[in-house]
Amino acid sequence: MTHILVTAKLVPDLVEELEIAESGTALDMTWLRLIINEFDDHAIEQAIILKERSGCEVTVIAPDQEGMDDVLFTAAAKGADRIIKLVGDFEEGVNNHALARTLAASTKEIGPDLILTGVQGNDDFDGSVGPYLAEYLGMTYVGYVAGVTLEGDKAIVHKEYPGGLIAELEVTLPAVLGIQAAEQPPRYVAVSKVRQMMKEASIDEVDVLDLDPSGGLEISSMYLPEAAERAEMLDGDEEEIAARLVEIFKEIGVV
Amino acid sequence: MPERVNYWGIPHEWGPPELYVYTIMFLAGFIMLFRFYKQASLWWKVGRPEPRWDKLHIRFWKFIQYAIVQTKVLNERYPGVMHVTIAWAYFIFFLGTALATIHDHFFEFLFGNALFAYKFVLDIFTVVFLVGAGMAIYRRYAQKPKRLTLDPGFTRSLVMVTVIVIGGLLTESFRLAVDQPAWAWSSPAGWIVAQLWIAIGASDTSLINWHLGIWTFHLLTVAGTIITLPVGTLLHGLTGPLNMFFAKLDRPTGELAPIPLTAAGDQVFASKLSDLTWKQLLDGDACTECGRCQDACPAYAAGTPLNPKELILSIRDALRADAAAVIGGNGDTPDSPTLVGDKIKEEVLWSCTTCGACVDVCPVLIEHVDTIVDMRRYLVMEGAIDAELQGALANLGRYGNSFGKSDRMRARWAKGVDPKIKDAGREPVDYLWFVGDYASYSPTLTEITQQTADVFQKADLDFGILYKGENHAGNDVRRVGEEGLFEMLVEKNLKALSRSDFKTIVTTDPHSYNALKHEYASNGNGEWHVLHYSQLLDQLIASGQIKFSKKLGYKVTYHDPCYLGRYNGIYDAPRRVIEATGCEIVEMPRNRDKGLCCGAGGGRIWMEEGEVTERPSESRIHEAVALNGVDIFVVACPKDITMYADAVKTTGQEENIVVKDLIELVHEAM
Amino acid sequence: MNNDIYVVIEHLRGQVADISYIMLAAARDLAQVTGGEVVGVLLGQDVKALADNLAADKVLYGEDAALAEFTSDAYQLALAGLISENEPRAVFFGSTTIGTDVAGVLSARLDLPLVSSCLKIADGVIVSQICGGKIMAESGLADTTTFITVIPGGYKPEEGQGGPPEVTPVSVTVADLKVALKKYIEPEVADVDITKEDVLIAIGRGIQTEDNIELAEELGELLGGAVCASRPIVDQGWLPTARMVGKSGQIVKPKLYLALGISGAPEHAEGMVEAENIIAINIDPGAPIFDVAKYGAEVDLFDLIDPLIEALEEAR
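Protein chains in written order, with my numbering: chain A, 61 to 315; chain B, 65 to 734; chain C, 43 to 358.
FYI, nobody ran anything at the bench for these hints, they're computed from the structure.
Heads up, some of the hints might be wrong.
To be verified - With a straight-line Cα cutoff of 20 Å, these simulated EDC-like cross-link-like pairs (lysine to aspartate or glutamate) come out: (1) B:K479 <-> A:E230; (2) B:K479 <-> C:D326; (3) B:K469 <-> C:E340; (4) B:K469 <-> C:E259; (5) B:K713 <-> C:E316; (6) B:K469 <-> A:E79.
Unchecked claim - Far from chain A, some chain C residues (derived; all Cβ distances over 10 Å): (7) M43; (8) N44; (9) A108; (10) G123; (11) I140; (12) G174; (13) E260.
What the hints assert, rightly or not - Partial list, computed: chain A residues near chain C (C-beta under 7 Å): (14) P72; (15) L277; (16) I301; (17) I312.
We put the beta carbon where it would ideally sit given N, CA and C, even for glycine.
Make the full structure from the sequences, and use the hints.
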């Protein structure tokens, strides 16, 4: 049976206004709300779809961040067979090189045939997890995947190219795929189903001792986009704005 | 002295008539009971147990009110009169027969004036019946309202009950034509018919022979009707009263039951017949197919796949078709027949706005909404929900509001309010204002919410809000069927509320009002004093805390929100407030408990709309515009502003009517 | 290590992608600080002519049958050798569905650092845009060869056009491939080619429901344009893939791009930053779309759309 490993991480929720820490080189974690990286959510969904279609075993592995338990139990409620949490110093955030190294170390023991991960995360500053994980494990990497089919020791994947073009690729397993979108949007899991899982399922914990961030650059300065670069904002009520827009349309020459 | 004659003109050569009359009737009765038991036993053999034996005195009262007096049936004039004349006539005939039996065998009393009265009443009700039957025939074959099931089964029943009564009348008329007693006037109907036989000069012998023939026929039609009762449409005569007797008494209509548990403690989600309770199955058998729910249903009128009548009948039909398979397979085999998704389609269940109009009009007290929510709960567990609803639920789980906005933005509308509104989580207040999602987050409602704050401040009200501590109250989350999320929201709100010091909760949203009033109390938090802002305004006006500086003089109409009106009976407070501002209210034809739903309830506002012919909100605007001289449509629910402002646009009535919140009138008049 | 800045030229089906020119412009800014040359790296088969319009000091041209179509492992192998032999100061990759596959793997394989989502180079500092465009982050070059993935928006493609530069063939070794291209699946034939429209009404999550798309279409009709969308709308199945603008959708450059309820995350912005006039309507004042728009209005699009339709009808 094909064993699929999915890696997930939490990223800043962009619904919240982001603030910069006093250091000026990182996000202020106090007010930060973390949510599942939506691409990882798609990766989990794709793994469950493969499980339903071809009877794979699905393991989800993720670093210990605030709120990760919910994400893991939700994955279990969707049908993940095993959920693993990397326990270590993840609170202040780690870069993707470091995360990929620890994931790779744990993954070697699990020995999956296929690894799915979100193709990117909104806070990626040093590239994304997938390619590093693939390389540290000596696996092949293909990113921007929307659609996976398993055929023996090969995966047929649909990779998105610019301009709406899709390439159908044959990838020899084991491989890491960076998922852009699952074949269906991630399913809804009723809250009581997740709560049920919290009683029934357990999270395996793996201790992570040191995190090696080499490969990422140090951020020398972080800031919110400057107001000067922003659009000229139209004021007034809706009618006034509408009238001004029509004027602009005329200036541009589209009316 | 005149005395009741038994078995007049019935020959005794075949033995005493009592013997074969009672034999036939007891046999018929036995067959009827046996057949009825066979049908009724399916309810508890297939359905889950549910205690409905408490508060017997109230149950008997419900029985008298709804089954005997038939107050709900009478809520509609023509069909009401039609039905009660037939039903009451039969009650009287049954009583008359019983009295005759008592007279025969136990206690003789039917002579003299008592007999005259007895005969007179029975005769009058014969006429009453004939009026009712005539109305029924006219309704079924001339009026043919769309909501009625025009099935031969109903024709058969109507023919049977009419033939029985006409048989009785003829029998009597033959007897009177032969005897021509001095007291024949006490049977006026029979006496008038008897005049016919006298006029045609029929001989006593032929009259006695006709009498014997019709009497025998009458006896057999009665027996036949009794025997076929449990398998025909007259079954409702048994199941209807049972359904009223067993109607839910343990909670108000505004409170849903939690997810039921099996004996082993597992949650039950209604997807199969065996997941329903015996009472829910009885609902199916009790349905008279009168179609009042269909007429009242906003989803049906809008052309969605939901027809509440068909929904209940699907349960009945499924029970008849699949009960044997369910009982044989213990109901739990994987291939046992399914109900939801198969006999009851998902889109049917999702079309419901939970407005409660169907439940309100049902003459036999069927509980449609509870069953729909039970089935929705199953769909939610399966993840079988549309993408928009999924988004809304995910947002509610993550941010506590359906808008997907940060909880820190919840009180953004209050930024410009001066003086700053108290944080009820930090300092004690008299009134804790539970603002609700729409009033807090919807940009179109910001001004109205600010006006509400302004009115409260001008009335010197000691009030506060929960700021980011408030979460969606969960009323519609629960009605969507997402019970776990509802519980989570309740927990979060209870946490914020328990940290606050207040005397009364006041809500903007009728949906929040309903949940806080009925559904939070059952979550172990005692009773709160909860007011809708229309009630609070009413009190403040009465106490003089709100003083008006001018009379507005508008001619307006008022729309009753379902969860304020039908669910909680608050009809007068908002009307008093409107009148106090100096406006004249012109009622729409569908007002108060007949008020039409705007279409947003039960989580519909979060779902994909699907195919509709005319949205309920558009139908409502047309109704309002048709009123003479009304140009303001007053609402008392934030969602209504959104729904009706849209409907005014889509119906192109911007020139004719504007939608205003109650608070806007109050604010303007102050 | 030398001071040259390498730019991995991205091309698809015989056309140089705009991002390649943008990278050349960024590389030029960086090379001025490092004092090296801007070197284009062109891989493929029979594509030497694509070098003609590149504003590079020189172009290294590697040719192999395995490079005829882009597959990540073939490109990785070809580039790994080239980079470790020449040790440039920095290597630019497109932050595209092609470039990121290669850059990430090479960063790990060669143990060289990578910085992503670079918008521009300011005085030798790499300025990146992260968190859906809501945060800017700066970093300097590492001590070793540094990989930089570039997003559009900081430079115009014309700034990277020029040449023709001197083309030097290089030998590349490509073997033992794990990924094979089976076929291309062409985008559905679109009823409308949004890349050819002068006016685009773009909708995003803010449109809320499928039914509301009608409103955008009405606007489109009045303005003589078409409706396009960001990814979530297409993922919902509300509009065909051919209408998607962004990283894996279309790159559009209309005269007017009216963005309704689009937050403007980089994945979307990449497809539309080159539009002549971007006007953004969004209720969220922090939406990054306002960073790329010429005009913006912080209102609920549903409140604005009716008055706007009316005003347009009047104007006609």
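Checked hints:
no.: 1; hint: B:K479 <-> A:E230; result: violated (57 Å)
no.: 2; hint: B:K479 <-> C:D326; result: holds (16 Å)
no.: 3; hint: B:K469 <-> C:E340; result: holds (16 Å)
no.: 4; hint: B:K469 <-> C:E259; result: violated (27 Å)
no.: 5; hint: B:K713 <-> C:E316; result: violated (36 Å)
no.: 6; hint: B:K469 <-> A:E79; result: holds (17 Å)
no.: 7; hint: M43; result: holds (16 Å)
no.: 8; hint: N44; result: holds (20 Å)
no.: 9; hint: A108; result: holds (14 Å)
no.: 10; hint: G123; result: holds (16 Å)
no.: 11; hint: I140; result: violated (7 Å)
no.: 12; hint: G174; result: violated (5 Å)
no.: 13; hint: E260; result: holds (14 Å)
no.: 14; hint: P72; result: holds (6 Å)
no.: 15; hint: L277; result: holds (4 Å)
no.: 16; hint: I301; result: holds (5 Å)
no.: 17; hint: I312; result: holds (5 Å)
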